[in-house]
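Sequences are here, hints too, so could you generate the full structure?
Protein chains in written order, with our numbering: chain F, 144 to 257; chain C, 39 to 149.
In case anyone wonders, no lab produced these hints; they're calculated from the structure.
From a predicted model like this one, the values you see are computed outputs, not experimental measurements.
Certain hints may be false.
As the list claims (entries may be wrong) - Per the computed footprint, the stretches of chain C lying under chain F, defined by three or more beta-carbons under 8 Å from a beta-carbon of chain F, are:
{"id": "1", "segment": "53 to 65"}
{"id": "2", "segment": "104 to 116"}
Stated by the list, open to error - Facing chain F, according to a computed beta carbon distance under 7 Å, are these residues of chain C, among others:
{"id": "3", "residue": "E81"}
{"id": "4", "residue": "S121"}
{"id": "5", "residue": "V146"}
{"id": "6", "residue": "I148"}
Said to hold, decoys possible - Once the Cα atoms are required to be at most 16 Å apart in a straight line, the calculated EDC-like pairs of lysine to aspartate or glutamate come out as:
{"id": "7", "chain 1": "F", "residue 1": "K156", "chain 2": "F", "residue 2": "E225"}
{"id": "8", "chain 1": "C", "residue 1": "K141", "chain 2": "C", "residue 2": "D95"}
{"id": "9", "chain 1": "C", "residue 1": "K141", "chain 2": "C", "residue 2": "D45"}
{"id": "10", "chain 1": "C", "residue 1": "K80", "chain 2": "F", "residue 2": "E144"}
{"id": "11", "chain 1": "F", "residue 1": "K156", "chain 2": "F", "residue 2": "E245"}
{"id": "12", "chain 1": "C", "residue 1": "K83", "chain 2": "F", "residue 2": "E144"}
{"id": "13", "chain 1": "C", "residue 1": "K117", "chain 2": "C", "residue 2": "D131"}
{"id": "14", "chain 1": "C", "residue 1": "K83", "chain 2": "F", "residue 2": "D227"}
{"id": "15", "chain 1": "C", "residue 1": "K83", "chain 2": "C", "residue 2": "D45"}
Ideal placement from N, C-alpha and C gives every residue a C-beta, glycine not left out.
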Amino acid sequence: ETGVTQSPTHLIKTRGQQVTLRCSSQSGHNTVSWYQQALGQGPQFIFQYYREEENGRGNFPPRFSGLQFPNYSSELNVNALELDDSALYLCASSFWTGTWSEAFFGQGTRLTVV
Amino acid sequence: RKEVEQDPGPFNVPEGATVAFNCTYSNSASQSFFWYRQDCRKEPKLLMSVYSSGNEDGRFTAQLNRASQYISLLIRDSKLSDSATYLCVVLPDYGNNRLAFGKGNQVVVIP
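Following this line, the structure appears as structure tokens:
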């Protein structure tokens, strides 16, 4: 177990709806990253939060947004859902100090948009 | 051009055999390199870091060639439990902890 938990584990939404995914980071970690993994693809970086501030963003539209809370847990919000948003959403937590530190992944939230 | 390119396979490997695969990366300034393992419908987990000098962890050997910008993984004496997808991962820079993943190499070990 990585100590990183995500909720919910599965979700079905209708096109155009909004969704919020949650991630509880490992104790002592200060950074949470979110990734989208479509079927048959590797995870793609969405964005990262470090000490409650966005610290890097991948090639995703503004309808993907996030938050990090003082306890370093995080949310990913997606507005105006599209069919192509169907994927496994992974969060990863780490204790980042300016060089690489191992990121531990949660089990993911599997989102299906119909 | 994608940051990390991998030929997804699948790689069907007889039990006990050796399998090797490579990936290439586009950013010559990339800082760190890894192999992650992902079991079906599970989260990725770090298998090993990759160093220019080459490194070994039991039956697994990883190699980095910076000049040619490729990374390799070799699995010896394959076990049924090695069946998984192996993701080639690059840390493009130290500005954050963003990881760039390849598509993964799907390995199926056959009895």
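Consistency of the hints with the structure:
1. 53 to 65: n = 0 at 8 Å, threshold three: violated.
2. 104 to 116: violated (count 0)
3. E81: With a minimum Cβ separation of about 4 Å from chain F (threshold 7 Å), the hint on E81(C) holds.
4. S121: Hint on S121(C): violated, closest Cβ of chain F at ~17 Å, above 7 Å.
5. V146: 15 Å, violated
6. I148: 21 Å, violated
7. K156(F) with E225(F): 10 Å, holds
8. K141(C) with D95(C): Answer violated: K141(C) to D95(C) is near 23 Å, above 16 Å.
9. K141(C) with D45(C): Judged against 16 Å, a Cα distance of about 8 Å means the pair holds.
10. K80(C) with E144(F): At roughly 12 Å apart (the allowed maximum being 16 Å), E144(F) and K80(C) satisfy the hint.
11. K156(F) with E245(F): 32 Å, violated
12. K83(C) with E144(F): Within the cut-off at roughly 11 Å; holds.
13. K117(C) with D131(C): Distance of about 35 Å is beyond 16 Å: violated.
14. K83(C) with D227(F): 25 Å, violated
15. K83(C) with D45(C): Given that 16 Å is the threshold and the Cα spacing comes to 20 Å, the pair is violated.
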